[in-house]
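Trainee: One-letter residues, chain by chain:
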Amino acid sequence: MSINGKAYIAGAFEHPTRKAVDKSLAQLHAECAKGALEDAGLTKEDVDGYFCAGDAPGLGPLSLIDYMGLKVRHMDSTETGGSSYLIHVAHAAEAIASGKCKVALITLAGRPRAEGMATGTAPRNYGPSPDVPFEFPYAPTVVNMYAMCATRHMHEFGTTSEQLAWIKVAASHHAQHNPKAMLRDVVTVEDVVNSPLISDPLHRLDCCVISDGGGALVVVAPEIARSLNRPLVKIKGAGEAPKGQMGGRVDLTYTGAAWSGPTAFAEADVTPADIKYASIYDSFTITVLMQLEDLGFCAKGEGGKFVADGNLISGTGKLPFNTDGGGLCNNHPANRGGMTKVIEAVRQLRGEAHPAVQVPNCDLVLAHGTGGSLGTRHGSGTLILERE
Amino acid sequence: MIAEKRTMPAPTIDPETQEYWSAIEAGKFLLRYCNACEAPHYYPRTICPHCGSDDTEFKEASGKGIIYSYSVMRRVPVPYAIAYVTLEGTDISMMTNIVECDLDDLHVGQEVKMVFSETEGDGPPLPTFTPV
Ligand SMILES: [Zn+2]
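Listed in order, the protein sequences are those of chains A and B. In this text, residue positions in the first sequence follow the numbering used here: the first is 652, and each later residue adds one. In this text, residue positions in the second sequence follow the numbering used here: the first is 4, and each later residue adds one.
The set of hints was computed from the structure by calculation and includes no laboratory data. Possibly wrong hints are sitting among the right ones.
To be verified - Covered by chain A, per the in silico footprint, the following chain B stretches (three or more residues, Cβ under 8 Å):
no. : stretch
1   : 12-19
2   : 46-56
3   : 74-83
4   : 95-107
Glycine residues also receive a C-beta, built at the ideal position from the N, C-alpha and C atoms.
Chain B extracted, bound-state conformation (with noise of 0.2 Å):
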């Protein structure tokens, strides 16, 4: 079954994410790293929730990265696939859609790349992923 597009709910925008959703509007996908623990985290904080620190700052990433676990929901008008995808070089997973892909052939292990899908009005897209 291949995934059809669905609609997308809008993020809501706080001042501590604003940077985070414009940098997703400029196409950019970007982590927020601590330069004490020198650890990346997601979602992203002004302090750090490994050490404490509020020396954070965003980097952009790769948007490369692996299914960690997912599921295809099926007893819904339009079927989809949550998953979490671990990023690309960090041990972090963030939450997300499968998308343009065939709902019946996807794996834990699988190798995903982030494409960004519309939301409804004047949101932001959000990042998604897609098998390579």
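In isolation and in its complexed conformation, chain A is listed as follows (with noise of 0.2 Å):
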């Protein structure tokens, strides 16, 4: 069965907060789930689906469900860290389409900053889990794993670091037409560049930034997103694939894009060159160079030369991406950017982006994310979705 049409997305909202010391983590789910909500046209009584990942307090579906008084009759806590949104998407018209729900409701929130955690250079201990003894204790953090990558990239295919900075100047160059973006000057490649090295190879410009505040998607069934007065932004394909160490076979040339994507090309029945527009995840500049190349906008090895020269500015380049400045400019709460892309690819369908980065008759996008780290163990989320 393919999910090809079966249900569509009616409601995003992405909260305006960057620091929200005077708020709970609850509060800012609520505060999403009321934004989407409202953006769709429907209330609290009309959710019958819910969906959340790791960034949830307490027990995850249940403790917020009960917070915000719904009643549902499907739930899903899928975690896959930033990808974990992407794929509940795919999940909810999943459920849609077998009879589990009508109207699903997926958030996201954190406040990191508020909480002044070391997102990028502090090692992250997962507790109990088999890999953690064997990692730990070499100081793995976020932004050293990443690097990993970068480094071989670079080895086995000649990518630069002025090829990299091209990826945040294109973010930057979108973000400065964003209002609530962190980041709102257009920076250069020499600028990147000229940044300090955090962990070689990447600089602070490579890097996304910090911010707390969250966002939230309402997923409906055909006939409800029809009854509303919104436009028709339909889910098409996904595809979600975790990819690991694979025994000690470690390669850190690709991601788990490179089996999610072709799975959600062939539900969608599209190729690569049919898309307008594409919310690539971005926690880092060598995190979109190696899944455009997995996702098949450029051949392996080649993602050097396809980033370069503006080829992601929208207006100007051939495949305009994260037109809110994304997450190396914009915002990534929680830490978690797989919300905020499908957010900002629902505008660009509704023509809702802002006029400087819309893309004229945008009417078929992709986002994509990926969630863990690409130098240990991550999940891989893709969806296509049409403007119909």
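Dock chain to chain to rebuild the complex, using the hints, since each chain is given by itself in its own frame.
Mentor: Here's what the structure looks like:
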């Protein structure tokens, strides 16, 4: 069974906060839920399915369903880090297609800034996971794990820091039009490569921002989507894939997008050349480059050439990406960028992106995310959406 | 920049990997092999992650390898090099640190050999590598 055409995204909301000292985590989730339901023209009484991931407090769906006073008949707490919310959209479509619910609510929220978390540079201990004794003592961090991917990519394919820098440059061109973006100054390739090295070969400006906030989506059955006064954003295809160390046969040159991408394109029955806009997970510049290759926008190893010279900038490049400024410049709520990837893709399909970055005749988009770490184990989620 | 000695936390040891860590305490590095598919794997498991067989055993490894990839973490109080090292004669790479080295003179493909690094408290040392 395919989910192509079986569900629509009717509501999308990005929380405006970037630092939420005076709000609780549950409150942020509820504010996002309320925003997305109002965007769709629905209320919490309409919700019969709820989805959340590891950013949720307590017992995840149980805690937040109780807190928000929802009455649902379907729930899902699939946790693949920052890509969870892309996968939740696909799972919501599956649940709707099989009659398990009709109005699915997905929320994300977090406050790492308010909590003073050293997101990128402090090793995280994932507790009793079997890999921890063999990794944690060596001080793997978010940034040095992605840096090792960049080192290897440079070694095998000759990718350069200047090519990676173009990804940040493109994001900054978009962010200048977003009043809520944390970094609104347009930067140059020189600015990026001259910013301090955090972990070789990644510089400060190769990294995403750290922000509080969140977002929510409402996925609905076709008959409900048609009853609402909103543009029709159809879910056309989806793919999900885990990738790890393969028993020690480590290969840092590709991501799970090499599997989730083709699955999504096959279900949607389209090709990368058909895509008008792409939301690409951008925890670091190297994340974008590797995913673009794996999704088939260019050949493996050609990502450096593909992203150079402004090819990702809306209005000038061939593949406009992350027109809200993305995680690299706008926000990265809860250290998880998957939700905001879907939200900007929905804005593009609706024609609700900022006029300076809105892609003309934008009727087919891709949103893709990676959660966990490309350096160890991660989950890829790809969505293809169409304006009907 | 010469790598300074970094305080390393001790690994948590569970029953499945007790033999591995006991060997390290005795100065030996063991790699887990599968007798069904004849392939090594890392980190060690009782059931082979390649083929699913439970006929697996430890064998002593040479401790030599080459750097598959690495990164020098600079914006921390004690900069250090994290790496994946591909073990000699295998297609298996393990996460590790490169120690007792010039952090500005590392490269992919570099030959390295294992040295054990002390950890905090009463824990076993950790397998780390240094340039040959
Ligand atoms: Zn085997």
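Trainee: Each of the hints needs a verdict: does it hold here or not?
Mentor: Status of each hint after checking the structure:
1. 12-19: Per the Cβ count (7), the hint holds.
2. 46-56: holds (count 5)
3. 74-83: Three-residue rule met by the stretch 74-83 of chain B, so holds; n is 7.
4. 95-107: holds (count 6)
In terms of the numbered hints stated before, the structure departs from none.
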